[in-house]
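Line order of the protein sequences matches chains X and W. If you count by the numbering used here, then the first sequence holds residues 1 to 345, one letter each, in order. If you count by the numbering used here, then the second sequence holds residues 10001 to 11111, one letter each, in order.
Be aware that a few hints might be false.
Where chain X lies over chain W, by a calculated footprint (3+ residues, C-beta under 8 Å) [claimed, not checked]:
| no. | segment |
| --- | --- |
| 1 | 10343 to 10350 |
| 2 | 10359 to 10370 |
| 3 | 10500 to 10509 |
| 4 | 10920 to 10933 |
Cross-link-like lysine-lysine pairs, in silico, BS3-like; alpha carbons within 27 Å at most [claimed, not checked]:
| no. | chain 1 | residue 1 | chain 2 | residue 2 |
| --- | --- | --- | --- | --- |
| 5 | W | Lys10836 | W | Lys10713 |
| 6 | W | Lys11065 | X | Lys96 |
| 7 | W | Lys10150 | W | Lys10160 |
| 8 | W | Lys11007 | W | Lys10944 |
| 9 | W | Lys11065 | X | Lys98 |
| 10 | W | Lys10854 | W | Lys10836 |
Pulled from the structure, derived: some chain X residues nowhere near chain W, Cβ distances all over 12 Å [unchecked claim]:
| no. | residue |
| --- | --- |
| 11 | Phe201 |
| 12 | Arg238 |
| 13 | Leu260 |
| 14 | His277 |
| 15 | His279 |
| 16 | Asp313 |
If you're looking for bench data, these hints aren't it; they were derived computationally from the structure. Since the model is a prediction, treat every value here as computed from it, not as a measurement. Even for Gly, the Cβ is constructed at its ideal location relative to N, Cα and C.
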Amino acid sequence: MIDLSTEYLGLTLRTPLVASASPLSHELDSIRRLEDAGASAVVLYSLFEEQLRQESVLLEHNLAAGTESFAESLTYFPRQEEFHTGPEGYLEHIRKTKAAVDIPVIASLNGASLGGWADYAHRIEQAGANALECNIYFLPTNPAMSCAQVEDIYVDILREVKLAVKIPVAVKLSPYFSNMAFMAQRLDETGANGLVLFNRFYQPDIDLETLELRPNVLLSTPQDLRLPLTWIGILYGRVKADLAATSGIHQAEDVIKMLLVGAKVTMMCSILLREGHDHIRLVERLVEQWLADHEYESVRQLQGSMSQIRSADPAAFERAQYMRAVKGIQYLRLDDPSWRYLRED
Amino acid sequence: MIPNMNKIAGELSPTAFHVSARTLATHALSIFGDHSDVMFCRTTGFAMLSSNSVQESMDLALIAHAASLESRIPFLHFFDGFRTSHEVNKIEVLSEDDLRALINLDRVLEHRQRALSPDHPVIRGTAQNPDVFFQSREAVNPFYAACPAKVQAVMDQFAKLVGRSYHLFDYVGAPDATHVVVMMGSGAEAAHETVEHLVAAGRKVGLLKVRLYRPFSVSHFLAALPPSVQSITVLDRTKEAGAAGDPLYLDVVNALQEGIKQNLKRPAVTPVVLGGRYGLSSKEFTPAMVKAVYDNLQGTPKDHFVVGIEDDVEHSSLSYDPEFSIEPDNVVRALFYGLGADGTVGANKNSIKIIGENTENYAQGYFVYDSKKSGAMTVSHLRFGPNPIHSSYLISKANFVACHQWIFLERYDMLSSLVEGGVFLLNSPFGPQEVWEHLPRQVQEQIIRKKARFYVIDAYQVARDTGMGSRMNTIMQVCFFAISKVLPREEAIEAIRQSIRYTYGRKGEEVVQKNLRAVDETLAHLHEVKVPAKATSPVEMPEPFSKQAPKFEREVLGRIYAGHGDELPVSAFPVDGTFPTGTTKWEKRNLALEIPVWDTKTCIQCGKCAMVCPHAVIRIKVYDPKLLANAPATFKAADARDKEWHGMKYTIQVAPEDCTGCGICVDVCPAKNKSETRLKAINMEAQPPLRAPEAENWEFFLKLPEIDRRNIKLTTIRQQQVQEPLFEFSGACSGCGETPYLKLVSQLFGDRTIIANATGCSSIYGGNLPTTPWAKNAEGRGPAWSNSLFEDNAEFGLGFRVSIDKQAQFARELVRRLAHEIGTELADDLLRAAQKDEAEIYEQRQRVALLKEKLQSGKSPEAKQLLAVADMLVKKSVWIVGGDGWAYDIGYGGLDHVLASGLNVNLLVLDTEVYSNTGGQASKSTPRAAVAKFAAGGKAARKKDLGLIAMSYGNVYVACVAMGAKDEHTLKAFLEAEAYDGPSIIIAYSHCIAHGINMTTAMTDQKAAVESGQWLLYRYNPERQLTGENPLLLDSRAPTRKVREFLQQQTRFQMLTKSHPDDAKRLWAQAQEDADIRYHLYEYLAQRKSGPPVKAAQEPAPAPHPEKVAH
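With the sequences and hints as input, model every part of the structure.
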């Protein structure tokens, strides 16, 4: 019997297969189906802190619009005793989810500014979440803002949240830092219990008929896993925080690769939306099969075995890997300016 | 309701109605207060109990319930609409214990025992014959005889319980008064104050307040009069035209006579009784008027007088001294002029609460609103003082005047009511150093003359800086407290802060924080202005209406617009409520901060901006290039793109002073600037710098000739939209979703349209004085419009059709009879004309003009008759217009009757899915899950399918449209409906401020309604049956989006997810099911195979048909 269990954020999980934040966690029934299919934990869909704030402002604006203007219609809506403009609905969802499933429930909080993080995090903890994933979604567009200022936002939010809660806190972040390793280390030092690599920024598309930008949420492709694979491999052993892999994990092979470079858990979303909840069961069976075929005793044995620090070829994670990769394709001139660009990317 | 009241009383069912007494519609509708509606009920057998103040309304409400249970007589407890119902006042609230103590449980149980129950069955509501009805009717008499004493007993018990004492008739004034006024309602509060003042001055006067008006107790009335009384003036707040006197007057005269007959205890001498009328439709009733009533008893008194207006026709009015005031010095009196949108009223209500709750002071607030819904001015009248405030009239002498909107300076004389040494607070974009030179000279003069202390704040700036947008309520409130010192400044500010937390806390912390920031920022921006010694401003307050306006418009409507309507005498007004149309164009309200500006190069000349403009401020003309010779320098023109207009010029012009700045035009504009896609062919820009040049351009544009209507292809919007709108500049909400449909009717058929308009938003923005948006073309033709009631509109409009048809039939008959006199060829042509399109209608008009010319010299009675009805030979279009409250609910019975009539009328339902005009009550059109008043937990039932019901007749043209979703479809439906020779109904989705939406994007947001299947587009044309086709065309495609996407756009749905999340989830799911089921039903109906062609699909409508002259 192969031991598939893993430790993530201080939680012992039956397998490293976790359902990441997605619409699949909106309904209790769907969460139960994830559990039934073998998900070892579920990250709930994100509570968008800024959206809540904007909604409350909009609600007030729309309820007040046109009032006290005309004698016969001084208001347009019945007075409601109370509005749940805060996270009440989400908190209730946590409570109901906890009551409905046995697997750990990781809440997810999404935002970009300091705002109400601490308060929301505290209330999420009170509602019974086993852990909290902070999805810090900040897309800096202000040219006057320095890299350090951007990084400070992440660290400040994490510090606030850590002070507010006792449950483990993971940070889901993007790869777009000047020095990802430095950033990971800062978050690690600030107390992050886990780093979830990586979230994907919204990238709009253009409607050529209307000449309007349109939201276009793309599901991940298997190629997307290369970036988290690289950075988990580099960071493994260098930070105390547990590393979680997300983006492009679709098949058992992807899971195994991530475990090899050091992921404590692998998170799936797009493939479940595409294939359905039961895909988790298939992946688990194939991972187990692979481990058996390759005579592994446990997932833990595998985890990090091909990370940069444990790899036979550490340079493969760095520049040399790139040079090796492209060598066979084209003649590379080191003085080519595009080289620098590609290197940074 | 009134026949029900007869039944309730006849069956002695204890009942209490609490009625905010309002005006009945006569020559005009008025929503304001007087006793005409309750007096309408005085024959029903209900007891009638009158409250005069806010406190009394609560007290007598309880007394009414208790007395009804004790007496078995149902009670109509009333108080004055608006003056009392909408006044905010510090009162003592009755506790639940008080309520319990006054209600006799035994009477409640007896009442319940009398209820119908199959466990102890009886029958009630029998039919009776002449043999017994009369006797049976008289059987109730002992109950009425016993009622007054029972009411007094309850009043005595109430006095013991709470300490406030009431009697059937309450007398105040000199015990030895010789002159007594008898009255009831809020006016008695002003009279009470005045009597105390006059008695203190030695006058022997008194006031008898009538509380129990029915049953009228003669003995109690006579006993309450001082024995010394020699003359009585009875004041009625109602008018019974043609009666010997108004109702209370007649009762008093009768009571005195009864007193003599029955030898009851009564005044020593039988007093002279005078009657007077006051306060109709909330007309002010002030101490000055009260004094005039008492003064009238000295010398030769006027009887059956009016007071409060100038009757220069019958000279029945009492004159009074408007300067007479008895306001005590210890009352702070403040006036605030604001816009509905800026939150002024809300802030003032809040200030009253703060003062009422945090100090020993009493507080009173009354709020005067505008007749417009967009850019509506509000005037708040606030009093604060150490004693209870009974002043039931507006403030005419204020210590504090605040102007919250700069634009009011040029429109209203706000400082005339400021007392000497008072404070004037102005929200000004100019700072303390610059503001003086920008004030109109009249304002400067008054500030200097009254030695006013003058403060300014740029509240717009503070609001912007703190994220408050256009709402400056909190900011101006802080200023008031800081200057007025009604409370110590710090204490006041802390109270405001607490109140913000309380008021906005339930709506989210962000809202609270923004308001708190505004409080913190305010004081640093508040400045006192050093007032110069001289008025130097060259700025004059402009005339309300342009000098070009006709005399009546300038001298009557213009004065009403400027707020001087109270000063107009009786002779100024039409005797029958008939007013000229086309009058909104004189207002020039200058509401918009930004107006649309046309980019000639980007424009594709699609006409959509003009079509959606709710206020008809975007106009299009196509004209000969030569006409540009004298165009103003900034006037814009482009080559007309339409090939049929080759060689002509094309202009889109905006009326800069009439635009409300809603921005819908920009939102729907499909053309993007090729180099900068944020820009379109029409873009919003700041109004102030554009005001003068664009006003000049607008004037030039108006003078350009309209294109010949015969040369407009009506089936495409790009051409159709050059038609002149005959509905313009309405006072509807900025961005209104209803008005574009009405404007379309006016463009397509306006010069031959007659409109019956149900009461509702459309009757308010359509016909609320001073002005009307219904307009005339250069020939003087345009829509004729009338509003009858809410409930009878369909029948009202049907009457138009019947009358027009009868007149047309008569005209044709006369044409036939006079054929030889007018020429058989002309007669033949007149009778044969099919008038199917604009060209044929034009030709018929030409023929009618010729006919009238020929008839001018005709002496025969028949010629004169034909001359009077000749215009009816031109096809007339009858439109019956109203909202969903009318069509689905209150007027549905009549609407159904009219649909069944088969007559050629067009019903337009402006479907906002809620009672918009009265503040968002649910109608049967309200869709499932929407929150509305009476559906606070989300409407549980699905929307009534009015279109499907109408289709069931088979001979009714039915269309369901949404202009924002598919404008061409809307145009097609309106053309088909009007062309259909039978009843037509168009159900038009109309976005509304009551939906809680972004009004700027509301048109394009309608796409979500259609694409989700929440709203279907279809046309049911019975004429298609003639060719064997299915009459139903489903013009909506299968839904491509979820209903949720539509619901999420609107607060009416969205708020339920915040207030009752679980209910929202359930109702939203059901809303999706509703949409799915409905789409499938319509899809099925539209796909059904039709039978063979129906020759005469339905019975022919008796509309005029071409016919041949019998030679």
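Each hint, compared with the structure:
Beta-carbon proximity to chain X at under 8 Å applies to 4 residues in the segment 10343 to 10350 of chain W; the threshold of 3 is reached and the given coverage holds. Coverage of the segment 10359 to 10370 of chain W by chain X holds [criterion: at least 3 residues with CB-CB distance below 8 Å; count 3]. Judged by the Cβ-Cβ criterion of 8 Å, the segment 10500 to 10509 of chain W is covered by chain X as claimed, because 5 of its residues qualify and three suffice. With 4 residues having a beta carbon nearer than 8 Å to a beta carbon of chain X, the segment 10920 to 10933 of chain W meets the requirement of three or more and the stated coverage holds.
Of the pairs offered as hints, the one joining Lys10836/W and Lys10713/W holds, with about 14 Å between alpha carbons and a cut-off of 27 Å not exceeded. As the CA atoms of Lys11065/W and Lys96/X are separated by approximately 15 Å, the hinted pair is consistent with the 27 Å bound. The suggested pairing of Lys10150/W with Lys10160/W holds, with an alpha-carbon distance near 15 Å, which does not exceed 27 Å. Pair hint Lys11007/W plus Lys10944/W holds up; C-alpha atoms about 21 Å apart against a cutoff of 27 Å.
Under the criterion of a C-alpha separation no larger than 27 Å, the hint pairing Lys11065/W with Lys98/X is consistent with the structure, at around 20 Å. Pair hint Lys10854/W plus Lys10836/W holds up; C-alpha atoms about 26 Å apart against a cutoff of 27 Å. The beta carbon of Phe201/X sits about 22 Å from the closest Cβ of chain W, which is more than 12 Å, so the claim that it is off the interface holds. For Arg238/X, the requirement that its beta carbon stay farther than 12 Å from each beta carbon of chain W is met, with the minimum near 40 Å.
No beta-carbon of chain W is positioned within 12 Å of the beta-carbon of Leu260/X; the least distance is around 42 Å. Annotated as non-interface, His277/X keeps its C-beta farther than 12 Å from every C-beta of chain W; the closest such distance is 21 Å. For His279/X, the non-interface assignment is confirmed: its Cβ lies about 25 Å from the closest Cβ of chain W, beyond the 12 Å cut-off. At roughly 49 Å from the closest C-beta of chain W, the C-beta of Asp313/X stays outside 12 Å, upholding its exclusion from the interface.
In the structure shown, no violation is registered for any of the earlier numbered hints.
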